[in-house]
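Asks: Take a look at the letters that make up each chain.
4 protein chains.
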Amino acid sequence: MQTVEVVRIATCGPGDVTGLAALIEAGRLDPAAIVAIMGKTEGNGCVNDYTREYATAALAGLLGRHLDLSATQVERRVAFVMSGGTEGVLSPHITVFARHASDCGAPAEQKRLAIGIAFTRDFLPEEIGRGAQIRETATAVQAAMTEAGISAAGDVHFVQIKCPLLTSAKIAAARSRGKEPVTADTYESMGYSRGASALGVAIATGEAEPSALADTAVLHDWSLASAVASTSAGIELDHNVVIVMGMSTHSSSPYAVAHDVMADAIDARAVYRALDALGLDADTAAERIVNVFAKAEASPDGLVRAARHTMLNDSDINSTRHARAAVGAVIASVVGRTAVYVSGGAEHQGPPGGGPIAVIARC
Amino acid sequence: MQTVEVVRIATCGPGDVTGLAALIEAGRLDPAAIVAIMGKTEGNGCVNDYTREYATAALAGLLGRHLDLSATQVERRVAFVMSGGTEGVLSPHITVFARHASDCGAPAEQKRLAIGIAFTRDFLPEEIGRGAQIRETATAVQAAMTEAGISAAGDVHFVQIKCPLLTSAKIAAARSRGKEPVTADTYESMGYSRGASALGVAIATGEAEPSALADTAVLHDWSLASAVASTSAGIELDHNVVIVMGMSTHSSSPYAVAHDVMADAIDARAVYRALDALGLDADTAAERIVNVFAKAEASPDGLVRAARHTMLNDSDINSTRHARAAVGAVIASVVGRTAVYVSGGAEHQGPPGGGPIAVIARC
Amino acid sequence: MQTVEVVRIATCGPGDVTGLAALIEAGRLDPAAIVAIMGKTEGNGCVNDYTREYATAALAGLLGRHLDLSATQVERRVAFVMSGGTEGVLSPHITVFARHASDCGAPAEQKRLAIGIAFTRDFLPEEIGRGAQIRETATAVQAAMTEAGISAAGDVHFVQIKCPLLTSAKIAAARSRGKEPVTADTYESMGYSRGASALGVAIATGEAEPSALADTAVLHDWSLASAVASTSAGIELDHNVVIVMGMSTHSSSPYAVAHDVMADAIDARAVYRALDALGLDADTAAERIVNVFAKAEASPDGLVRAARHTMLNDSDINSTRHARAAVGAVIASVVGRTAVYVSGGAEHQGPPGGGPIAVIARC
Amino acid sequence: MQTVEVVRIATCGPGDVTGLAALIEAGRLDPAAIVAIMGKTEGNGCVNDYTREYATAALAGLLGRHLDLSATQVERRVAFVMSGGTEGVLSPHITVFARHASDCGAPAEQKRLAIGIAFTRDFLPEEIGRGAQIRETATAVQAAMTEAGISAAGDVHFVQIKCPLLTSAKIAAARSRGKEPVTADTYESMGYSRGASALGVAIATGEAEPSALADTAVLHDWSLASAVASTSAGIELDHNVVIVMGMSTHSSSPYAVAHDVMADAIDARAVYRALDALGLDADTAAERIVNVFAKAEASPDGLVRAARHTMLNDSDINSTRHARAAVGAVIASVVGRTAVYVSGGAEHQGPPGGGPIAVIARC
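Residue numbers (my numbering), protein chains in the order written: chain A, 98 to 460; chain V, 98 to 460; chain Y, 98 to 460; chain G, 98 to 460.
Don't read these hints as lab results, they were simulated from the structure.
All values reported here derive from a predicted model rather than from experimental measurement.
Incorrect hints may appear among the rest.
With beta-carbon atoms standing in for the labels, derived distance ranges [what the hints assert, rightly or not]:
1. 366(V) to 270(G): 42 to 50 Å
2. 219(A) to 277(Y): 47 to 55 Å
3. 243(A) to 107(V): 48 to 56 Å
4. 119(Y) to 162(V): 20 to 28 Å
5. 167(G) to 459(A): 57 to 65 Å
6. 270(G) to 243(A): 27 to 35 Å
7. 164(A) to 219(G): 55 to 63 Å
8. 276(V) to 219(G): 48 to 56 Å
9. 167(A) to 174(G): 22 to 30 Å
Glycine residues also receive a C-beta, built at the ideal position from the N, C-alpha and C atoms.
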């Protein structure tokens, strides 16, 4: 039995931990109970975005001072997922998840928000974007489901994964051992890592058959996808971090989570459906919603509603940045708030050009 | 008496005129009747965006071949307004306005879409962003209203202006004559030029008193604004080009135009209100709408709905690019189409952080 | 027998042809004799750089008006190679090559600058970056050598090639026919096209064996390279354009060309050696040099002189832009002039991280 | 009497302190003796560059653990100057200065490298770029000279200053108190802050009269400049940090420093002169040089050696980034090494378009 607390905190910069510090000092959050922190930081969200690593270091440092642990020890018990890129109206913030043991479960006949986390082992550069990453991720997702007290895949509403990317140094290291990574383009490696991680989720939830394990499926067989996977690549880690959010009768938390799938970048109706699943309408949403979590990408066929977009041919601004700006604004226009978690790069996460969207709201 | 034809044409690149050429060759558009072409081109929309100038050259070349005029002569009779920047889902396209003399006006008791154009004289570099630009613009707007057959300011629904910007060369030229331009920052000069042009519209429509003519009002007195002005700066011209769209009993065109004002970048309700004014709902909008015209900007106070945005502190992507991506996606999510005209930089155009939005639809 | 005139002309923007127009009108250049124009334009030099296409259109339009030819006809007789990107100190300009038949060749025992041009057929999207492009390029280079009156490969000093890239639309077109292009990343496709074109040069000059024709050599076998190839990819064409510059006893032109190879991006000594080969020193160089032509790239191992560079991990500025800025400044600091032709992306053009450099000077 | 140790350490990322940690743990650097750390970090070097703040936090954290001080306490005793932007070939690194009391001064008749540091008070947003910042900086520079044991201005060879910039939040804060900052453009504020700080140096060294204190001199009177000032703006501080490097008979350090002034961005001869002043030639330079420190900027008149550059009209890449790439490559091509400290924005630091360059070498 568990209960989960979820708090969204605005930040003034990637190194700003004053909001979380104040809640801890006021006794409103027990640092020992924090299991996950998801954040939007204001970097470029691409390869050389050090705001993710900086935010993680600052948050781990804060918790370490409270728990008398080193930053490394903190990062082994808390799942930090920082997603870079607050393009357009998106507002930098963190969402903190704390979990307590509880004597009771959900009210009768109900399910409530439950959360579980897990970590894979470190990946070799040549494993990123390939079968090994898919397989290890699937195993970790199932471990996190178990920890969350979720047994049915249908009760999983969002699986957030942070995964590594390739840098010039990692590529050179692999080649010095005679191994060729899946790509030599560092920006492109982010897509491979996100894609393989999403396929791992799809296998864990039964959305894809284990045949999806094939290296060749990644970024090629677009029929394979998970409707609940959200994966972000970052330069600051070598393994996958997994956060499973779902509904469980074993949870007595005052929150619920629901999800839907945006068919394309301007699919506001999917956002309305997700609100509806939680009994929210546009007028009450801003008040009860804790946060919205969504994935964004430029549709790979170069079209949105049959009209050409220019995101994939833009050599000044990477397509993930365009997509976050667009999808973030659409969601913000529906829920009336800009501190939402929209992450770029939705390979194998929902349909091409679209992506999963989940909403956590107070019951 | 006039009738106006409006056609939206997708483009494959800034130099692509094949769509317009095909309509002319098929006899569907009379090149001699074309009075204005507004386009979204896929440059950065900032200082060094040559896609606007390239598109204008290509279009003027095409019309010149049909009309046996030089490109320069064409540019003196047709108002070309190319707005750079198709960030996010925005889709490059042009909107062509053709005007014919007509024996009849609007059906009894009705008004229909009318259009008028005008040009100012060339501005000296030191006049840009100052009183001279305001004054000349106001005069030109009134000339265009007269040409459109619109006498009441309340019948003006959108005034599109293309205005010049400062380059290093223009700044040096002014200084060599002992004149100091309003700013030495070329990107910033775009804002000054747009702002002064918008104040010119506000004076012409009676939204502001002639006291707004003061140099110091531009980019300082934010209480001064026009709800129908849309101004874009470009490197390719030295004067202002003015297009007035409104409703007139002297027009028998099959189109109507309405406008509203977005209070901020995520104000989807303003878009719904503009549709409503034309009797459209979200389901029928995509079919009857010819185009939507809107202005976007990062709110100068750094906030959207009280939450911090990062657009003004981003040194990799200029704030106008962020704003177009966000507002373009919000509008597209409402009208179900991405080939809409969203232009960046809304200084004195609607409230700070918001901007005018106009819709042209088939009656 | 031929004689070649070479003129470097500063431009005020990608569409500026006033300098060339003035020379033609003054009778200093015969438009019918112009065989090639190489330019540096101020775009991003990457996928969505329309300044190359715009400059070509403007120049072809100008020549067409003088020669009474359509732009298309002009582009079939003149080799236009516009290279985007004037990062750092680089100054936008064009270099115009005119060739006249001549009664006499070079002075006794000497060779002088000769030039030849050729075109390949259009490539299918799936041929770009693969054997077909290599093969057709090799054939075209030999045709251009013959036209230039150059028989020995050792007399070839610079082979400039303009080659196509993949866009989202081209990729989709290939896939609709069941063909998979060499990459689905449009920016990356520029490297493949440049690399395959350079291997074509290497085969034509005997620097590589025909075994280099293998698809798998491109961007993989870095031992294969040409010391005289310079290849630029652009969105504005579907075939390869080839310009061969060399020394020939059949030319009586008043110019000579020499080349060397920069071992890395800061190899100023290679620039000094190329000057030395033409009898120039740093003090006299600025006066006699017509132009310098060089290729630049970020070294693929992530190091310059054993120290880490960050060009390949930068998701805000593509590595070709960084490399042009660096190499352009190094060359300018030696020759004392910034209007030099430095083009990005030196795959199979000189050693990894370095590239060919050629100098044309008045004898 | 003092002796100064100077060590250059390569970094693998802005948060990488492993190199410094290893030297401390090996007993090669006494953490208590460290007085200044200057670094090049791989951010954009502009407003939203958090790599500077991240690097400072990581370094202060490391020293704090060794000295049993909080990060805040460390930042009050050590001058951290992180300059963002390693465009082109520039290689990220830090330079650590440690100072020990010494029984002896320089060998007879000689002077050796001496260093002094100082801090100003925090500035209000409206003081940045104006007289208050000039005045306080001048006072701090003189305090640092005294600490360094340097009495003659002619013995000052480099004055590095880190200074604050304006953000949207700071601008809003000033306005809420009825104060208008010198500019509302955050990127532009960096130039004002750098310029005012450089004028402070010029006053302290006697290069400018106190009349330069006038607000209006900043970024306007280009005749005012310091040949030894190097100022960098950053988001991570509110005061100025000052490091004075010079030659003193009171120092017995094994290093010497010399400086010269680059007249423009490609002035390689100034680099050679600075080497010459230390008895170095290009062949021995790489071995004996500890580091080179220089400032870079796009010449404000838009020209380099009378040819147009495009740095000031580029809305995709800020001009400071272009300038660092160019000047960094020129210096690297002379000294044969890419881990040099080149910082952007040379307002009132050397002549317009040029800037100071200093070299520290082992005697």
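Asks: Run every hint past the structure and note whether it holds.
Replies: Quick rundown of the hints versus the structure:
Range check, residue 366(V) to residue 270(G): Cβ separation about 31 Å, and the 42 to 50 Å hint is violated. At roughly 32 Å, the beta-carbon separation of residue 219(A) and residue 277(Y) lies outside the given 47 to 55 Å, and the hint is violated. A C-beta distance of roughly 51 Å is found between residue 243(A) and residue 107(V), which places it inside the suggested range of 48 to 56 Å. Roughly 25 Å separates the CB atoms of residue 119(Y) and residue 162(V), a value that falls within the hinted 20 to 28 Å.
Taking 57 to 65 Å as the suggested C-beta distance range, the pair residue 167(G) and residue 459(A) does not conform, at roughly 38 Å. Between residue 270(G) and residue 243(A) the Cβ separation comes to about 50 Å, which falls outside the hinted range of 27 to 35 Å. In this structure the hint that residue 164(A) and residue 219(G) lie 55 to 63 Å apart at CB is violated, the actual value being about 33 Å. The beta-carbon spacing between residue 276(V) and residue 219(G), approximately 38 Å, falls outside the hinted interval of 48 to 56 Å.
Evaluation of the 22 to 30 Å hint for residue 167(A) and residue 174(G) yields a pass: the beta carbon distance comes to about 25 Å.
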